[in-house]
Amino acid sequence: MLLAFLVAVALAIVSMKDLFSVIMLSGIYGLLSASFFVAMDAVDVAFTEAAVGAGISTLLMLVAITMTGRSEDPDRHKPFLALAVVVVTGGLLIYGTFDMPAFGSAQAPIHQQVVPRYIQHSMEEIGVPNIVTSVLASYRGFDTFGEVVVIFTAGMGVLALLSVARRPEDIAEIDSLNDSMHEQHLILRIVSKMLLPFILLFALYVQFHGDYGPGGGFQAGVIFAAAIILYAMLFGMSTARRVINQSFIQLLAAAGVLLYGSVGIVSLLEGKNFLDYGVLSDDPVAGQHLGILLIELGVGITVASVMVIIFFNFAGRRENAHSGEENEMQNNNRGNNKT
Amino acid sequence: MLMDHYNYWIVVVLMMTGFYIVIAHGNLIKKIVGLSIFQTSVFIFYISMAKVEGGTAPILEEGIRQYSNPLPHVLILTAIVVGIATTALGLALAVRIKEAYGSIEEEEIQRQDNLDC
Amino acid sequence: MDTLIETSSFLFLLIGSFLCISGGVGILKFPDFYTRMHAVGVTETLATAMILIGLMLQNPDALVLLKLLFILLLTLLIGPTASHALAQAAIKNGLKPELHKK
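Chains A, B and C, in that order, give the protein sequences. Quick note: the first sequence uses our numbering, first residue 1, plus one each step. Quick note: the second sequence uses our numbering, first residue 1, plus one each step. Quick note: the third sequence uses our numbering, first residue 1, plus one each step.
The set of hints was computed from the structure by calculation and includes no laboratory data. Each residue gets a CB set at the ideal place from its N, CA and C atoms; glycine is no exception. Check each hint, because a few of them may be wrong.
[Claimed, not checked] Computed cross-link-like contacts, EDC-like style, restricted to lysine to aspartate or glutamate with a CA-CA straight-line distance of at most 20 Å:
id	chain 1	residue 1	chain 2	residue 2
1	A	K78	B	D116
2	C	K67	A	D211
3	C	K92	C	D2
4	B	K31	B	D116
5	B	K98	A	D283
6	B	K31	B	E107
7	A	K272	A	E72
8	A	K17	B	D116
9	B	K31	B	E53
10	B	K98	A	D143
11	A	K17	B	E108
12	A	K272	B	E108
13	A	K272	A	D282
14	B	K31	A	E72
15	C	K96	C	E6
16	A	K78	B	E108
17	B	K31	A	D18
18	A	K272	A	E125
19	A	K272	A	D283
20	B	K98	A	D211
[Said to hold, decoys possible] Just the calculated beta-carbon pair ranges, DEER-fashion:
id	chain 1	residue 1	chain 2	residue 2	range
21	B	Y101	C	S17	32 to 38 Å
22	C	R36	A	K193	25 to 31 Å
23	A	A255	B	Y101	50 to 56 Å
24	A	L200	C	V64	22 to 28 Å
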């Protein structure tokens, strides 16, 4: 049922010309797939998808279209050729699914290999009830390290592409702007001010409760970043920039990766494998606990700060483009006046 | 029996929808949306495979024997966050292209490139 | 006592679902943006509250009760704020309500 909705939304996205509605629909698509993940028992994944797919990614795309324009050229290149390619590929893939084990079958090969070991032994080896966390942070810690580095690199890429040199800001100007905005967004501001501490607290809860329930560094990082982005949207970029120092955030993004890596190095120095947390304490299980806590913290810090960096750079770019346009208009006006 | 592969078929349909957007549309932002649909269809595929009939969420508790497979969950969990990071990178590129060419339609960009040669 | 709780929970859930459906019908049937938003904003806030109260009555566990209470408070705060922001944005962008139809 949910899947049928998903298909309907995807088809609507194909036919829409207005990019704004396309992006709104893609937000709905994200939320629907999150609900589907809950139905499939993947609570951790659903959590992440709800925060990312329906929240942050929609937001980033909206910021992007404010800079690139919201209408789409109706021309398609060779739509029939494309359709033919798609239909043939899809047909082949569907033919391929007939060889797959039936949905939900416990005998499928994917459930036979390494997974029963994770499920049976993770409690005694890692001591963490949430198997997703123990696999993520301990059994497959090296993979996750790679993922964190990818996120860090993407953040740096956005920074390199979009960062603008910032002129010193006039504080009086910001304050007057703030007062005028205050009138318009009074209710939004008050409610969000009430909610912000709870959102941040919730992010921390998700961060440190990830061992026992759904949650962990990735989700917590995204929620934390969402709270900061909410603040920046309602109180203006300049105010947010005064609250959150940009270079400090960039430092934090690197520090998160460093924390993760150095936990690995410590276990190397103790004569064990990279990211083998058993050595962090006398009792291996306690060591695992400590290790998971530390690297989840590293993940959380990196994810949160990378998301904030990405948003601030997009928004800063946009501000800059707008003020540039205004200057140009003023120059044009001056030119017109002269003639 | 017929419904055994329903999930997988939906995944294929979604994947092809995303694929169609990527190849047939010229607008770069729309292409990125198409890519993210494609990406989510892969997520749905993995999560569908992880489901075990009668299983529950993989959080250990007394008295539960059957859990869904946690390994795909781990892979997809990280993939989602990596996905948004790379999407942001793509959007950043689109913004820069808009600044350089004044358009994010692929054909317009190609036309300008050909003029330059 | 048990039957009382069961029945009241059942009633709350029923009213909640009815409101949800009527909100959905409202989106489709009402003439312009503002009335539609009214349909969604009013019914949805009440409907979620009703459904959450119904669920609370179903569940004796204190922790679950607390979590549901938090969700209820959150929706009561966020729902009206979101409707307000939407309506304000619409008014600012010059969308006029349809006052005299026919």
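Task: Violated hints - listed by number, lowest first - done: 1, 3, 4, 5, 7, 8, 9, 10, 12, 15, 20, 21, 23
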